[in-house]
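The residues making up each chain are set out below.
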Amino acid sequence: MKKKDYTPLVAFMSVSILIPFLTNIFQVNFFLTQLTMSAYYALAALGLCLLLGYAGQISLGQAGFFAIGGYTSAILSKAGLDPRLAFVASVLLAALVAILIGMPVLKLKGHYLAMATLGFGVVIEKIVRGTPALGGADGISNVPSFTILKDLRITGGKADRLSNYAIAFVILSIVLILMINLLSSRSGRALRSLHGSEDAANAMGVNVANTKLGAFVIAAVLAAIAGSLMTHLNGSIGPGEANTMKSIRYLSIVAVGGLSNFTGTLAAGIILNFLSLRGVFGIYDDAVFGAILVLVMIFAPNGFGFAFPARFGKGAKK
Amino acid sequence: MNQTILAQYLLSGLIYGSIYAVIALGFNIVYNATGIINFAQGEFVMLGGLLTHSLSSVLPLPIAILSSVTITAIVGALMEIIFIRNLGVLVKGDGGKGGVMQLTIMTIGLSILLRELALKVWGEQVQTVPFFTGNESSSLSIGGAHFSPQLLWIMGATALIFLILSVFFKYTLSGQAMRACSASRVGARLCGIRAEVMVTLSFALAAGIGAAAGAVTAPLTQTHYAIGTSLAIKGFTVAVFGGLGNSGGAVAAGFILGIIESFSIIVFPEAFKDIVSIVILLAVLLARPAGLFGSREASRLKEF
Amino acid sequence: MQVSGFKFARTAILFTMMVLSAQVFAATIKIGAIFAVTGAAAYLGAPEEKTARLFVDNLNKDGGINGTKVELIIKDSAGSAEKALSFAKQLIDENEVVAIIGPTTSGESMAIRDYCNNAKIPLISCAAAETIVEPPLPYVFKTPQKDSYVAKWAFQTMKDTGIQKLAVVASNTGFGSGGKAQLEKYAGDFGITIVLSEQYDPNATDLSSLLTKVKSSGAQALINWSIEPAQSIIAKNMKQMNLNIPLYQSHGFGNIKYVEAAGSAAEGIIFPCGRLLVADLLPDSNVQKKLLQKYNQDYKAAYSEDASTFGGHAYDALLILTTAIKNAKSTAPDKIAAAIEATKNLAGTAGIFNMSATDHNGLGMESISMLTVKNGKFALYEKK
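Protein chains in written order, with this note's numbering: chain W, 8 to 325; chain P, 48 to 351; chain F, 54 to 437.
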C-alpha cells in the first residue's frame, strides 16, 4: 500500500516561506512580483504534469485553457460581475470545454492527440485574436482586481506584492496537497495504471476513457485557474497567452521538471518563468525552451527530469 | 458571382494548395521511414527560401536553388544523425512505445532552434527571391482569371517532386529499401538493409524537398525566419487529411484544402481562415484518422 | 546554528552591493526602454531599439543632459504584453528609472499604462492606438501620429481623385484594428462608402483569395492598413491578378524594404506618412529637414540599412523626454511629466510636437504628407 509521501510538499512549502525573508534581507523584494507571475504559469504546467506524466496523454493545448480562464474572468468582471463569481464561471467553462473536447479527442493516441490538442490551442488563439468583442489583437486591459476577503486582493500594485505572493504560493501548496492525495487514492491508482498499459488497466476494471477524461479536465481546470488569477494580477490578458509557443513552454517545463514529478515541475516552472520574465534569456527566450526540449529528450527520454529524480511510479514508466 | 471571379477563387485555391501539397510530401517521407511527425519540416521550407535568397546574389538562380536544396538536405541529415539517432530507439527492434513520441517532441524543440538560428543569421526582415520567369507584376490569364507565372512553376515543381518520389520508391534500390524499413524494421535488417542509413536518407530527402518547396514558393510568398511554424501546421493537416504516409493523398488533399480555404472567404472572415483548416483537421482525426485516401489498416498499424 | 556566520555573510553581501551600486550611482540619468526587438512585431521594435541606442550614444558624446550622462536600459519584450508588464515593474521598482519609452505595440502599451501612471513614472509609448492617450492619463504619452489623421489624409486624396467606393483590408493586429476602426468612422465624412472591410492573418503569405473578393466588390480603390510584409504581398498579388485599382497603404509602409520587396508592383502606391523618407526632397526652409537628414545619415552609417518611420517614433520619444528633462532642470518624474506636457514647437521625425493637458500626442494634421513611390523610391505625391 503506497504511503503518501509528503516530503516534497514540505520542502516546497519551506522554501516558499523562506523566500520572502530572503528577498527582504537582500533588498530584492521586487523579485516577489515576478515570482508570483511565475507561480501561476507553474500551476498550468502542473496540470500538464498530471496529464502527461501520470495519465500519459500529451496535450499541446494547455495555453488554450489558460486563455479561456483568463478571458472569461476578464470579460465578466469588467462587465460588473463579482470577480469571485467570474472566477467560478471561468473554471466551470474551462471544465465544460475540456469535457466536450476531451471526449472525442482522447480516443486518439500519440501524434494524433498531439495534433488535435495543438489544433484546439490554435483555434482558441485565432478566436480571441480575431474577435473585437474579446479585445482583438490588443487583448483586454483594465481588469479590476480580485477581492478574496476584505483586504486581501489579487492585484498588481506594489503595495500588494507580498500578499499576492502569499496567495499564489498558498494556492500552489493546496493544489500540491490535493494532487498527492489524489494519486494515492483509488482514482489515482487507476490513473497511474493507464500509463503502463491501457489494455491491462482495462482488463483490471479501470474505466479508461473516464479516467483519461478526468485527468484532462483537471489539467484544464488548473490552467484556467492560473489564467484567471494571472489576469487579475496583471490587470490584463492578451491573445499571446493562447499561443502555441506557450503550450510548448509548458511541455518543456514538465519535461525538465520530471514528467511525473510535481515539485520538480513546480520548481522548473517557477525558475524558468522567473528568469524569462526578468529578461535573463534576452532575445533567446524561445530558444532556451526549445533547447530544453531537445536536451531532455536526449538525456532523459523516459521522463525523469535532470535534477529531480521522480518519486512516484518508477516502475510503471517505459 | 460570375465565372471570372469563380475562376479567380479557384486559381488562388491552387496556389495555396500546391504550397500545402509539397510540404505535406516532406512530412510523409519521414513519417513513412520512421513513424515520426517531423515538426521541423516547416523550417526546411524556410531554409530553402532564405538560402536561395542569399545565394542568388552571387550565383545564377538555378545553381542557387540547387545549392540551397543540397545544403538543406545536409542539414536534415545532420539533424537526424546528431539528434534523432542519439535516442537509438528506432533501430533497436521495432521502437519502444514511448520512443516515437519522444522523437516527435524533440523535433518540436529542434524546429524552435532552427528558427532562432535563422533569426540570428538573416535577421527579422522579410527577404525576397527573384521570380523564375518575369517579375512580380507578370500576369498570365486563363478564362478571364489572372495569375502569376510563378504558380505554374510551383505546380510544376510539385508534380515533378511527386513523380521523382514515386519513381524513387518504386524502382530504385534505396527507395525500396526505405519502404522495406517502414513496413518492418526487423525484416529489413534481416535482408541486409541498414536501417540507420535509411532513416538518415529519409530526413535528407524530406529536407531537400522542403527546401525545393521553399525556393519555388518564396518569390510569391516572400520568406523570413518565422514562416516555418504556420506552414508546418498546415502541412501536417494536409498530410493527415490525405492519409498519413500516402503521397498521392497528400497532393490531392493539399489542393482540396487550398480550394476550400479559398472559397471559404466568401462567407467567412479572412481572419478566421485558418480555423477552417483546423476544423477539417479535427474532423478528420475524429471521424476518419486514416484520412481521405489512407487505408484503415495502415492507420491502425501506426498507432502508438 | 551559525548565527554569527550568517550575520557576517549578510553584511559582506550588503557591503558588496553598496559598493557596486555606488559605481552606478555615479550620477547617471536612468531611462527604461521596452521594445519588441524580436517576435512578431520585430519590424517595428528592432529599428526602434537601434534608434534608441544611437540617440543615447550621440547624446552622451555631446555631454548628456545638462552635463549628466544618460543610461538607457533596454528590455526585449518580444511583443508579449505580460513580459512588457514584468519589465515595466522591474524598470520602475528595481532599476528606478525616471521614465520609460516604448513599448512597441498597442497591446503592450495598454497592459502597462495603468501601472506606470499609478507609479507616477512618465511613459512615452511608440505605439499607434489612440486609446493609449484617450482619455489622457497624467503620465502617459505617445509619439506616433493619430490614426484618425492618417485616415483623413488618405480620404481627402481619394475624394480629390473621385473615389466613392473603397475596400478596406487590415492585418489582424492592434495596428491594423486601430486603423480599420478609424477608416470606418470617417469614410462617410468624405462621401466614401466602404464596400468591403476585412482583416487578415498577419502571417498571410498569399492574399489572392481576399483580393478576389475585393475584385468582386466593385471597389474603386483599396486601402491596406498593416505593418507586415503583407503590404508588399498585396501589391504584388494585385498586379498578378490584374486588379488595377489604386492601392493606398497606411503609414506602416514607411520602410524602403517594403518597396524593394514589391519591386515593380510598388509603383504608384499612395500613402500618408511623416516626411522622414523624403527628407532630401523638402525645401531648405522646412524646419524638420536638417534633423531628418542627420537621422537618416547617422542611422545608415551605424547600421548599414535605411532608416524607417518606425525607428523615428523612438527617436521622437527620446527627443521629447530628454528635452523635457533639460527644461525641467530636474530628474523628478513628476516634474518630467509636467515638462513633457508643456512641450511646444519641438521638431521631431514625425512632425512638430505641441502637447497640452488634453493632447498627449502633440502631432496635428500638418505632420503628415501624402507620399508615393516613383521609380522604386519614395516621392511626394503630387495631385494631378
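Calculated from the structure, these hints are not laboratory results. A hint or two may mislead.
[As the list claims (entries may be wrong)] Straight-line Cα separation of at most 16 Å, EDC-like style, residue types lysine to aspartate or glutamate; simulated pairs:
hint	chain 1	residue 1	chain 2	residue 2
1	W	Lys157	W	Asp167
2	F	Lys103	F	Glu358
3	W	Lys165	F	Glu147
4	F	Lys173	F	Glu358
5	W	Lys133	F	Glu358
6	W	Lys165	F	Glu149
7	F	Lys436	F	Asp213
8	F	Lys342	F	Glu419
9	F	Lys310	F	Asp359
10	F	Lys347	F	Asp359
11	W	Lys165	F	Glu419
12	F	Lys212	F	Glu435
13	F	Lys218	F	Glu187
14	W	Lys165	F	Asp167
15	F	Lys122	F	Asp110
The structure displayed is predicted, hence computed values, not measured ones.
Do the hints match the structure? See the list:
no., hint, result
1, Lys157/W with Asp167/W, "holds, 13 Å"
2, Lys103/F with Glu358/F, "holds, 11 Å"
3, Lys165/W with Glu147/F, "holds, 11 Å"
4, Lys173/F with Glu358/F, "violated, 37 Å"
5, Lys133/W with Glu358/F, "violated, 34 Å"
6, Lys165/W with Glu149/F, "holds, 13 Å"
7, Lys436/F with Asp213/F, "holds, 8 Å"
8, Lys342/F with Glu419/F, "holds, 15 Å"
9, Lys310/F with Asp359/F, "holds, 8 Å"
10, Lys347/F with Asp359/F, "holds, 12 Å"
11, Lys165/W with Glu419/F, "violated, 42 Å"
12, Lys212/F with Glu435/F, "holds, 14 Å"
13, Lys218/F with Glu187/F, "violated, 30 Å"
14, Lys165/W with Asp167/F, "holds, 12 Å"
15, Lys122/F with Asp110/F, "holds, 10 Å"
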